[in-house]
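There are 2 protein chains.
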Amino acid sequence: MAIKTLKSILNQQFSYTINGKLWIECMGERFFGPGPVELLENINTTGSINKAAKEMNMSYKKAWAIINALNTNVAKPLVVMKSGGEKGGGSVITKEARQLITYHKKLRKRFIYFLEKETKKLNHLS
Amino acid sequence: MAIKTLKSILNQQFSYTINGKLWIECMGERFFGPGPVELLENINTTGSINKAAKEMNMSYKKAWAIINALNTNVAKPLVVMKSGGEKGGGSVITKEARQLITYHKKLRKRFIYFLEKETKKLNHLS
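Read top to bottom, the protein sequences are chains E and B.
Quick note on numbering: our numbering labels position 1 of the first sequence as 1, and the sequence is numbered without any gaps.
Quick note on numbering: our numbering labels position 125 of the second sequence as 251, and the sequence is numbered without any gaps.
Next up, chain E with everything else stripped away, as it sits in the complex (with noise of 0.2 angstroms):
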């Protein structure tokens, strides 16, 4: 087919858009993406996992097995207590999840130029 075709089925009244997610998956499990980055960068602020969880109306608990899983899937940690524990010294997010946070940043640029791509060609062509 001609693809310029796709003017006879779209409402020219409408507007279209191509919009997706994207994560990063450890041995075929998504393990990262923007709600472990909104975590961290929390924790990152906060300097606790119990008042970066609370910002995000998230139980300690489940902000612990995401971390947990972080923790897991990774080499390094991402996440590591201060002296005296979370109670005592608060915890930080180390070098590597700064790293990982950059790397996912510019992977999501790449994402959303791609969204953006697909979009004007869509329209263009329709």
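Rather than coming from a laboratory, the hints here were simulated on the basis of the structure.
Heads up, a few of these hints could be off.
[Said to hold, decoys possible] Here are the in silico distance ranges between beta carbons for each label pair: (1) B/G173 with E/T102: 50 to 58 angstroms; (2) E/Q13 with B/S185: 29 to 37 angstroms; (3) E/T102 with B/K208: 53 to 61 angstroms.
[Claimed, not checked] Residues of chain E clear of chain B, computed beta-carbon distances all greater than 10 angstroms: (4) E38; (5) K51; (6) W64; (7) V92.
[Unchecked claim] Dumping the calculated EDC-like pairs for lysine to aspartate or glutamate here, alpha-carbon to alpha-carbon at most 16 angstroms: (8) E/K7 with B/E222; (9) B/K246 with E/E25; (10) B/K231 with E/E118; (11) B/K221 with B/E167; (12) E/K21 with B/E244; (13) B/K180 with B/E164; (14) E/K106 with B/E244; (15) B/K188 with B/E164; (16) E/K54 with E/E41; (17) E/K120 with B/E151; (18) B/K243 with E/E25; (19) B/K147 with B/E244; (20) B/K180 with B/E167; (21) B/K133 with E/E96; (22) B/K232 with E/E118; (23) B/K177 with B/E167; (24) B/K231 with B/E164; (25) E/K21 with B/E151; (26) E/K117 with B/E151; (27) B/K147 with E/E25; (28) E/K121 with B/E151; (29) B/K147 with B/E242; (30) B/K177 with B/E164; (31) B/K147 with E/E118; (32) E/K109 with B/E244; (33) E/K105 with B/E244; (34) B/K247 with E/E25; (35) B/K235 with E/E118.
These numbers were taken from a predicted model, which means no experiment stands behind them.
A virtual CB, placed ideally from N, CA and C, is assigned to each residue, including glycine.
Guided by the hints, dock chain B onto chain E, whose structure is given.
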């Protein structure tokens, strides 16, 4: 950061993949993706909305809701009844449905290429 530092973050014993989902939105609402494509292709094969829905373990009601949503979001219907209606003559997908499916297949190929490229990049970097 030098992106090559991911090498020290990811566990070299594990395999990492970039994965995701993609869909088309109309006026900000998801309306077309792998689900509707499967339904349309099943209608094309079986000649019946009822049989197509059954193959996907979907209720006739839900299949109709999807088809109505599809037909509302485009300029020309994607599914039409043959004379006598669903009970009499069955249903067929239109030329426009075929064109949208073809476009969607090409879009998915480009998305899968993006995912593969990013997965290679991640594993090369790490």
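Any hints this thing doesn't respect? Which numbers, in order? Structure breaks no hint.
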